[in-house]
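Chemist: As a plain string of letters, each chain reads:
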Amino acid sequence: MRKLRVACAAFAAMPALVLGLLTGEARAAFPEKDIIWIVPYAAGGGFDAWSRQIGAAMQKYLPKGITVQVRNVTGAGGRTGAIALYRAKPDGYTIGLLDVAGLLPYQKAVSADKAGYDLEKFVWVGRVATEPWVVLASAKSPIKTFADLKARKDLSWGIEGPGSTKWLFSIIEARGMGLPMRFVSGYGGTGEMIPASLRGDFDIWTNAGPAHIPYVKSGELTAIFQLGATRMAAFKDVPTAKELGFDMVGEILRLVAAPPGTPPDVVKTLEGAFLKAMNDPDFKAWVEKSQQEANPGDQKAATEATANFSRLIEKHMSEIGEVLRKQ
Amino acid sequence: MLDPLLVAAGALLQPQNILLIAGGSLMGLIFGLLPGLTSLAAMSILLPFTIGLPPISAMYLFIGIMGSAPFGGAVTSILFNIPGEPTSAASCFDGYPMTRRGEAAKALGLAAAAALFGALFGLVVLIGLIPMVRAIVYAFGPPEFFMLLMFGLATVAIAAPGNTLKGLVTAGLGILLSVIGYDPITGVLRFGFGSANYLWDGINLPAFFVGVFAVGEVIGYYVTGGTIMRAGVKMQGVWRGTIEGFRELFRHVRVTIQGSVVGSIIGILPGVGGTVSNFLSYTLAMQTSKHPETFGKGNPEGLIAAMTATNEDTGALLPTVAFGIPGSAATALLLGALTLHGFNPGPLFITEHMDIVWALILGLLIANVVAITVGLAGANMLAKLTTLDVKFLVPTILAISLLGAYADRENLWDVALAIASGVLAYGLTRFGFPIVTLVIGFVMGRIAERAFSQSLQMELDPLIFFKRPVSLALFAMIVIVFLVPLVRRLMARRRA
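As given, the protein sequences belong to chains G and P, one line each in that order.
For the record, in the first sequence the residue sitting at position 253 is 253 according to the numbering used here, with numbers rising by one throughout.
For the record, in the second sequence the residue sitting at position 87 is 87 according to the numbering used here, with numbers rising by one throughout.
Think of the hints as simulated: they come from the structure by calculation, not from any bench.
Among these hints, one or two may not hold up.
As the list claims (entries may be wrong) - Short, incomplete list of chain P residues facing chain G, as computed with Cβ under 10 Å:
| # | residue |
| --- | --- |
| 1 | L47 |
| 2 | V137 |
| 3 | I185 |
| 4 | R450 |
| 5 | Q454 |
For glycine and all other residues, C-beta sits at the position ideal for the given N, C-alpha and C.
Using the sequences provided together with the hints, build the complete structure.
Modeler: Here it is in structure tokens:
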């Protein structure tokens with residue numbers, strides 16, 4: 001009887017042992033083929049540009065001959081790409097750049113099951129950038145400071161539509177800081193909203209900061225306050241929400257993710273190459289030239305950032321969920 | 001101002017750049033020709049491959065595509081009544097009847113000349129108007145957009161002469177179809193019909209156009225048989241026809257300039273694309289014509305209006321380079337390419353990177369020349385197909401078109417949509433309901449609604465349309481357009 005039990009145990013352990021040997025071998029060799037990098041947005045956008053530049057830099061720090069291939073998997077506001085990455089084989093050969101601020105609210109509103117992905121289960125590789133949200137007004141508008149906003153009884157906010165990230169952050173900002181809010185909506189994107197703001201379609205609007213550095217520098221848009229943990233280098237004179245006395249941080253999180261279950265040592269290799277790429281002189285030159293702001297971070301920083309944002313969303317879930325569930 | 005021009009011109013002399021621009025132009029022509037496959041698709045496909053190129057070379061490639069696509073798209077519109085690009089849809093209405101009369105060469109020559117004139121006009125506007133871009137963009141807010149679109153929609157009343165009621169019916173149907181999908185104002189899904197997500201973004205325009213034009217037309221061919229060119233008509237010689245087409249342009253100076261202006265202005269305005277611009281120009285030409293009833297029956301003015309307004313992308317370059325705001329989908333992609341190559345397009349771009357701006361201007365010129373020489377030669381060969389028995393054309397066109405409908409988003413439902421809208425379009429035509437008004441309604445309905453809601457949200461004042469000078473002026477124009485025929489009729493009656 002006892003013999004049988006031992007035999008059983010040995011038998012049961014066998015596959016694990018074999019698997020261990022096999023994966024051990026695979027690990028030693030990782031990576032031995034090209035890595036696919038999923039971008040959930042079309043070629044020509046910010047996520048695409050970041051991905052291609054980082055991918056090109058990462059190749060320098062991976063074994064010779066291994067390339068990083070960027071694939072645009074578009075649709076449903078980035079959700080299609082996120083689902084594709086979530087369901088990919090967790091072997092490190094598929095990774096991707098995700099927009100946590102765009103994906104998390106929907107997941108929280110409809111549940112991870114229905115959304116098709118669970119951001120808290122992704123294995124994070126690193127942080128590319130955090131782009132603080134900024135509240136903007138046309139320079140021609142009388143609104144210049146937070147006090148001007150507070151004094152208003154009626155305040156129109158420009159958004160693309162209910163469910164967009166601009167809508168989400170408008171709610172978080174207005175409710176969190178006790179500002180009046182009504183929407184002017186239906187714009188096709190930031191490109192349409194800049195001229196709309198300049199010609200005065202609405203009082204204020206909110207968006208990730210870096211895209212607006214040139215307009216604030218040229219004096220066409222006023223940045224009223226920003227929602228980063230610290231002030232952006234380009235907006236040194238603009239107060240943060242924290243400095244105005246509100247405990248809130250709102251940032252676009254561009255994080256590199258691997259599918260749930262990707263082995264830790266594989267992730268470690270990817271993280272190493274990723275961090276070296278973020279420090280690569282050619283990559284840094286691109287960041288500087290295109291006036292972006294990188295904020296490289298390791299696996300831990302990326303995981304923490306997701307958890308923090310998750311808490312912020314949960315705080316405002318009742319207002320946000322109503323609209324998102326309808327979509 | 002001149003140094004950057006030398007840089008751009010110098011870059012143009014490198015064999016690599018010559019190849020890129022020529023390759024881009026050919027690709028623009030081919031993608032322009034194929035229904036469903038747009039120049040936008042060509043640009044998205046090529047974008048990742050430009051990463052290793054110098055920025056100026058990448059710009060030459062893209063501008064090559066953008067410059068030659070409008071003519072490529074018009075070729076199939078004129079020969080087969082099937083727009084290769086959504087922006088060349090309005091070229092069908094008068095170009096195709098010309099082909100059926102045996103005037104394919106003339107129509108193609110005219111279209112090429114009109115597209116070239118529009119592009120040149122757009123370039124002059126581009127260079128001359130840079131200081132005024134802002135004024136134009138600021139002058140057109142949502143209320144002005146709304147009035148502009150109402151002006152276009154008002155044409156429905158005259159677009160179907162003798163048939164106003166049926167015209168209104170299909171226009172209404174077009175508007176209804178256009179509002180399907182997720183409403184950007186309220187966040188509500190309208191007419192989703194329980195589809196998982198297929199209808200969320202509305203009816204896909206490229207597939208819908210493939211259906212309404214290509215599939216609908218092919219069914220027509222199949223039923224009537226014969227050849228596209230009417231039996232007993234003699235086909236015009238290529239050279240004579242082309243030259244006659246070029247000459248025709250100068251007989252219609254007013255329409256030519258009017259169309260170029262409409263295209264340029266629509267291009268400058270963000271949020272209204274090229275599809276609207278060619279219909280708006282067409283409807284405007286119809287409204288200002290003394291013989292609107294001849295439109296849609298092979299009136300060269302209709303073709304000129306539609307083709308000159310394809311310079312919308314040239315106009316769209318203006319806000320793109322002047323303040324980093326893309327005026328169209330193609331320029332949005334161009335902007336993405338600039339970001340990829342390490343530029344942050346914004347208000348300072350034009351002063352810092354004038355060489356890129358010149359490269360775009362020079363590239364556009366060359367692309368147009370390539371499109372017209374290579375394009376005209378190729379198109380006239382294709383024109384011979386119109387003398388072929390349609391039983392050979394039906395399967396070919398159907399296969400290419402449906403493939404195009406699929407390739408746009410790689411969605412099989414788009415093929416089903418194309419077939420369904422083709423059957424609808426054939427049915428409508430069969431019973432005398434005009435397709436023109438259906439398409440005008442479809443193209444303008446949704447954005448008109450959006451502009452209307454935005455206007456109301458802006459000030460919470462329904463009278464906003466009459467409180468802003470530009471919007472009020474546009475409204476006055478609509479009133480005048482409706483009054484002129486009435487007054488004319490009254491005058492005629494008094495005289496009688």
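Chemist: Hints first: check each against the structure and report whether it holds.
Modeler: Going down the list of hints, with the structure as the test:
no.	hint	result
1	L47	holds (4 Å)
2	V137	holds (5 Å)
3	I185	holds (5 Å)
4	R450	holds (4 Å)
5	Q454	holds (5 Å)
Comparing the model with each numbered hint stated earlier shows that all of them hold.
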